[in-house]
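**Q** Build the full structure now, drawing on both the sequences and the hints.
Protein chains in written order, with my numbering: chain A, 329 to 679; chain B, 329 to 679; chain C, 329 to 679; chain D, 329 to 679.
No lab work stands behind these hints, which were simulated from the structure alone. You may find that some hints are simply not true.
Since copy identity is lost for identical chains, a pair holds within one copy or between any two.
Each computed DMTMM-like pair below joins lysine to aspartate or glutamate, with the alpha-carbon atoms no more than 25 Å apart [stated by the list, open to error]:
id: 1; residue 1: Lys348; residue 2: Asp382
id: 2; residue 1: Lys541; residue 2: Asp668
id: 3; residue 1: Lys605; residue 2: Asp655
id: 4; residue 1: Lys348; residue 2: Glu629
id: 5; residue 1: Lys605; residue 2: Glu619
id: 6; residue 1: Lys349; residue 2: Glu632
id: 7; residue 1: Lys348; residue 2: Asp389
id: 8; residue 1: Lys349; residue 2: Glu378
id: 9; residue 1: Lys349; residue 2: Glu395
id: 10; residue 1: Lys348; residue 2: Glu411
id: 11; residue 1: Lys348; residue 2: Glu446
id: 12; residue 1: Lys349; residue 2: Glu446
Keep in mind it's a predicted model, so treat the numbers as computed, not measured.
4 protein chains.
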Amino acid sequence: MLKPITTQTEREAYYSRISKKHMAPLWESLHSLVPQYPSTRCIPAIWRYEDVRDAIMESGDLITSEEAVRRVLILENPGMTGEASITQTLYAGLQLILPGEVAPSHRHVQSALRFIIEGSGAYTSVDGERTTMRPGDFIITPSWTWHDHGNISEADGGEPVVWLDGLDIPLISVLDTGFAENYPEPEQPIIRSDGDSYARYGHNMVPVRHVSKSRTSPIFNYPYDRSREALARLATHSPVDEWDGVKLRYVDPSTGGYAMPTIATFMQLLPANFRGKSYRSTDATVFCVVEGTGVVNIGQEVFEFGPRDVFVMPSWASISLSAGQRDVVLFSYSDRPVQDALGLLREERVP
Amino acid sequence: MLKPITTQTEREAYYSRISKKHMAPLWESLHSLVPQYPSTRCIPAIWRYEDVRDAIMESGDLITSEEAVRRVLILENPGMTGEASITQTLYAGLQLILPGEVAPSHRHVQSALRFIIEGSGAYTSVDGERTTMRPGDFIITPSWTWHDHGNISEADGGEPVVWLDGLDIPLISVLDTGFAENYPEPEQPIIRSDGDSYARYGHNMVPVRHVSKSRTSPIFNYPYDRSREALARLATHSPVDEWDGVKLRYVDPSTGGYAMPTIATFMQLLPANFRGKSYRSTDATVFCVVEGTGVVNIGQEVFEFGPRDVFVMPSWASISLSAGQRDVVLFSYSDRPVQDALGLLREERVP
Amino acid sequence: MLKPITTQTEREAYYSRISKKHMAPLWESLHSLVPQYPSTRCIPAIWRYEDVRDAIMESGDLITSEEAVRRVLILENPGMTGEASITQTLYAGLQLILPGEVAPSHRHVQSALRFIIEGSGAYTSVDGERTTMRPGDFIITPSWTWHDHGNISEADGGEPVVWLDGLDIPLISVLDTGFAENYPEPEQPIIRSDGDSYARYGHNMVPVRHVSKSRTSPIFNYPYDRSREALARLATHSPVDEWDGVKLRYVDPSTGGYAMPTIATFMQLLPANFRGKSYRSTDATVFCVVEGTGVVNIGQEVFEFGPRDVFVMPSWASISLSAGQRDVVLFSYSDRPVQDALGLLREERVP
Amino acid sequence: MLKPITTQTEREAYYSRISKKHMAPLWESLHSLVPQYPSTRCIPAIWRYEDVRDAIMESGDLITSEEAVRRVLILENPGMTGEASITQTLYAGLQLILPGEVAPSHRHVQSALRFIIEGSGAYTSVDGERTTMRPGDFIITPSWTWHDHGNISEADGGEPVVWLDGLDIPLISVLDTGFAENYPEPEQPIIRSDGDSYARYGHNMVPVRHVSKSRTSPIFNYPYDRSREALARLATHSPVDEWDGVKLRYVDPSTGGYAMPTIATFMQLLPANFRGKSYRSTDATVFCVVEGTGVVNIGQEVFEFGPRDVFVMPSWASISLSAGQRDVVLFSYSDRPVQDALGLLREERVP
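**A** Rendered as structure tokens:
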């Protein structure tokens with residue numbers, strides 16, 4: 329270190345003077361601005377479904393779906409209280425819709441995913457097509473598409489339905505690109521039948537004159553039975569990865585890319601008694617347990633998990649996943665498409 | 329609005345209870361989280377070179393380049409004091425290097441641009457190739473490449489050299505993907521001659537066996553004389569856009585895309601007495617004046633500008649540009665490649 | 329027309345002189361070299377399965393699969409006799425494999441498709457994975473992959489199996505890029521179980537670490553039941569195109585592009601009593617009837633067709649398709665990916 | 329080899345019978361249809377400019393440019409006499425335009441390149457912009473763009489001008505995608521000034537609102553002085569490739585891809601006394617000598633070459649290039665973009 333050519337006092341006086349011109353010395357903050365490793369406020373956390381289910385159900389007594397617009401409990405990362413974020417770029421929430429209710433139609437630049445957790449009878453409509461929501465289904469609301477949710481009446485068999493909402497709200501906020509609009513009616517008109525998009529795009533074929541207008545997959549409901557079948561088949565007949573078990577990425581069949589432009593989604597199976605090796609990655613990831621019980625180590629934390637629990641892994645924190653005595657199925661999402669598109673993703677597997 | 333089914337007091341009690349489980353009601357913050365229009369903390373601002381030049385030169389007495397590592401005054405957006413940001417995703421600073429100095433070699437995930445403002449004698453080395461810095465040149469330090477800066481001695485004609493640094497520091501911070509490393513020596517070894525990259529990639533030809541390993545342009549110095557010549561030719565012989573004058577985007581000649589993966593760069597000419605129409609865009613933009621004087625309206629603000637001034641336009645703020653009695657040349661940069669890659673860019677031109 | 333400055337005799341003498349230097353006058357052939365419209369030697373033709381089935385079965389007595397290597401009857405376009413081409417760029421043939429036979433393993437640059445026409449018991453192995461061939465399945469042999477075919481024994485239920493082979497042989501020949509190689513054994517070793525590729529790539533998900541090494545779809549058997557289900561669903565619930573009926577393109581789910589780099593493949597349904605409008609296109613197309621009877625007009629020709637017939641439409645010939653009293657299902661293939669990649673495709677629909 | 333189960337006579341009878349149904353046995357032609365190595369009719373050949381120049385000039389007395397439409401002597405590969413092809417997919421010709429002449433305006437799907445060989449005064453107009461033709465310039469006529477050529481009067485300094493035409497005529501013919509049209513006037517109207525496209529796209533910048541509508545480079549004249557400068561700089565300061573010398577590919581600066589969708593173009597420098605190593609490639613290539621003398625070995629042939637000579641290398645023929653006592657500059661073109669787009673290119677360098 330060279331001898332400073334000025335005293336710290338002189339420097340502070342200078343800093344104070346230039347601050348009036350909206351300037352600041354880089355050299356005082358260089359190491360925190362350009363860190364050696366990712367240093368995030370996001371911390372590992374878990375929301376056990378048994379701990380939060382009562383609060384979710386209670387929200388149904390507290391406010392109507394119409395008044396709330398969306399009756400959702402935000403899962404806030406304990407390291408970023410008050411910021412409505414589960415990671416620095418992503419949002420997570422648990423949404424409840426009761427029999428007979430409607431969550432009114434609107435659209436926004438933020439992309440949303442719905443991962444169905446429990447209950448039967450709910451449906452969602454996106455851009456003129458309605459789809460039924462079943463546990464384990466991964467459903468997309470693409471950016472700037474009209475969408476509303478509903479539930480059939482109790483008489484018709486409707487149950488309280490809960491799903492995990494995943495959105496890119498914090499990212500859109502930092503990029504300053506958010507717009508939103510309400511639809512004039514509670515529900516948009518339906519112009520295509522349930523299953524239409526899946527028939528068009530879900531069978532490894534596309535309509536001959538299809539031209540992508542969107543960066544989001546034209547399939548908007550990836551049903552659980554199809555995903556589960558693929559996992560089961562590969563777990564039985566193919567080698568299992570020592571870090572991931574069997575892990576599949578949902579794809580946009582019209583591009584082969586991620587199903588959503590800002591959010592990657594995955595489903596993986598850890599065979600019974602699987603003991604996963606440790607890895608880390610720069611894409612902080614939210615997991616939702618579909619089946620089975622197990623243990624996850626994230627950084628210094630150890631969490632036991634069971635069905636319907638949600639947990640979060642921060643950027644560059646080591647993670648390892650283990651399964652109990654039956655197979656574990658995990659859904660997960662992260663901002664990997666953003667990091668991929670910008671050439672920023674870094675991963676490391678501990679051998 | 330439906331009648332609330334609970335009192336506000338009951339709700340507050342509920343919010344307090346669920347906050348212990350790191351949950352919060354979406355319905356209380358929906359409108360601010362999902363705004364109707366971009367609502368940013370970034371505000372319009374200008375740094376006039378005549379107001380800041382003394383402070384820059386004074387920094388040369390305050391600290392050595394070696395001690396500072398980078399002797400830079402950060403231009404902080406007045407709406408985000410203390411955050412080292414000029415927009416929500418971008419950083420700007422004015423860097424000074426004195427004759428005989430070296431700014432030591434390091435590398436980081438953050439991408440950097442250098443737009444040369446004044447002085448002669450400085451050079452920068454990137455990944456084994458050195459280039460001379462001349463006013464108006466646009467120079468790139470790609471993500472994760474070793475780089476150091478230097479200046480020849482006063483005896484050899486070195487002058488204090490100032491340039492504008494543009495980096496994606498706030499974006500990388502939000503994405504939690506930052507890594508950095510110091511080179512063991514102050515300066516890295518030079519393995520290719522000055523001008524080598526330009527000869528390979530700058531003439532609308534590329535080496536026959538070139539394979540892109542990077543998302544950044546292989547040209548790392550776009551010299552001002554070439555850019556200026558193109559602008560002059562088009563301003564004379566081609567129609568001038570009513571909003572932009574003549575505006576060119578720097579390209580990566582190996583892809584046709586942006587020269588940098590996270591930062592778009594432009595140079596534009598406003599003919600003498602040009603009165604630009606108003607437009608707005610979601611990519612908040614930093615401008616640096618190269619030649620001429622003029623006036624810019626940004627939102628409710630009106631700024632007169634002259635050579636070497638820097639000003640910033642927030643997302644979705646209306647902007648219009650006017651030239652004085654001689655041609656104006658402006659360099660500018662924004663996070664447009666990010667918004668483009670994610671399908672988020674929105675623009676509007678007032679007719 | 330200007331008066332010729334020389335007589336035709338003088339010109340002929342000149343042409344004769346320059347021909348010794350391997351030169352020729354463009355002006356004598358300009359109009360045929362650069363035609364106003366595509367002028368092809370390919371003509372419309374149909375091979376009715378009832379007319380050719382006996383000959384196919386007879387080939388089983390004529391030569392063994394081992395001796396023939398591939399026991400195939402080439403369908404030669406009547407306008408290009410002796411050229412082993414059904415269009416100027418594509419080849420078609422009908423291949424027979426008898427119970428207990430093996431068609432020995434080899435590989436070649438030419439890409440191949442197999443569209444199964446009749447029989448049960450046959451299988452094909454590609455790059456270490458075997459798949460069962462069932463009527464209506466579309467199966468791919470990617471460029472330069474080891475492949476062999478076989479059939480189970482009669483005792484195990486094997487029947488004579490016939491499929492349509494589609495290859496890009498004439499195209500590869502013109503491009504001079506053909507290579508081929510025999511495998512040292514009749515059959516290659518099997519290293520993945522039947523259905524493995526489909527489980528990995530067929531469910532709108534891909535393995536998280538998948539990196540495309542090939543330009544061909546990783547799904548190599550698109551089963552008929554899936555394709556048929558999609559067509560049925562869309563024919564019932566969605567608008568039917570007035571030219572195509574319901575027409576789907578097979579996709580590579582890892583790119584969204586064509587399933588093969590040089591050959592496009594389609595399956596379409598014409599509802600009972602459909603009367604298709606006329607269109608033309610520059611990609612000469614081979615059709616194979618899967619179900620139903622109907623009529624096709626191609627240029628000046630009218631062909632009645634039934635199940636298992638093959639017919640061909642030349643470039644820029646008008647075509648219209650009609651269905652009889654039950655639904656028609658057609659498989660088809662063309663060199664559209666080549667024309668698309670090079671920006672050469674032209675289409676025209678008669679309203 | 330198994331014992332044939334039928335006699336050859338029986339087989340011939342069978343072949344004769346099925347030929348009436350437009351069918352043929354694959355097994356009799358499998359090896360020629362699916363060859364072990366590319367087996368082309370294209371053979372190595374050279375056209376020495378001193379041998380052909382008189383004939384070119386004589387064509388000026390034989391026919392006017394107006395009558396000929398294009399006064400061109402086709403260079404026909406001696407292995408494919410009468411086919412107007414220099415390789416199986418490409419055409420080459422030498423075009424002459426005399427002072428005061430016009431070659432009338434038309435357009436066609438075939439893409440064309442012009443590589444200027446000798447003379448001064450000629451110009452070409454493409455899509456409303458005229459450019460002057462100078463020896464060594466590489467000029468493009470994109471697919472389906474209006475184009476006409478002209479030459480200033482002798483009084484104004486016009487000289488007979490000769491250039492090499494390179495087109496994809498045989499490829500378009502095989503693909504059956506050719507269309508052509510004459511412009512109603514001999515010359516199209518000029519709507520942009522000479523140099524406009526180069527100013528827009530030639531300086532590693534593009535207009536900010538540019539959207540590619542074409543698969544061809546928006547630069548249509550790549551001037552020789554720029555290409556030559558790049559080669560000279562790299563030959564002096566950078567390592568020289570042992571096979572290619574210094575070899576650059578012309579790029580479309582708006583994509584980084586080939587300048588033309590079906591034809592790759594290159595310029596390379598062999599330093600004085602360079603002795604190139606041998607390589608082979610599946611893209612048959614046409615070379616035109618710009619400067620210097622040397623020797624080329626192609627397959628079993630050895631050709632001495634000098635300025636303005638044209639020679640052709642067939643697919644998969646070994647080639648090695650040597651320079652005489654001064655630097656050699658070679659322009660070349662091939663169908664590499666086609667082979668690249670379809671995944672068919674194969675290359676081999678002998679160490």
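**Q** For each hint, tell me whether it holds in the structure or not.
**A** So, going through the hints one by one against the coordinates:
no.	hint	result
1	Lys348 - Asp382	between (52 Å within a copy, 14 Å between copies)
2	Lys541 - Asp668	both (21 Å within a copy, 14 Å between copies)
3	Lys605 - Asp655	within (17 Å within a copy, 54 Å between copies)
4	Lys348 - Glu629	between (44 Å within a copy, 19 Å between copies)
5	Lys605 - Glu619	within (20 Å within a copy, 52 Å between copies)
6	Lys349 - Glu632	between (53 Å within a copy, 17 Å between copies)
7	Lys348 - Asp389	between (52 Å within a copy, 20 Å between copies)
8	Lys349 - Glu378	between (54 Å within a copy, 12 Å between copies)
9	Lys349 - Glu395	between (47 Å within a copy, 24 Å between copies)
10	Lys348 - Glu411	between (30 Å within a copy, 15 Å between copies)
11	Lys348 - Glu446	between (56 Å within a copy, 24 Å between copies)
12	Lys349 - Glu446	between (56 Å within a copy, 20 Å between copies)
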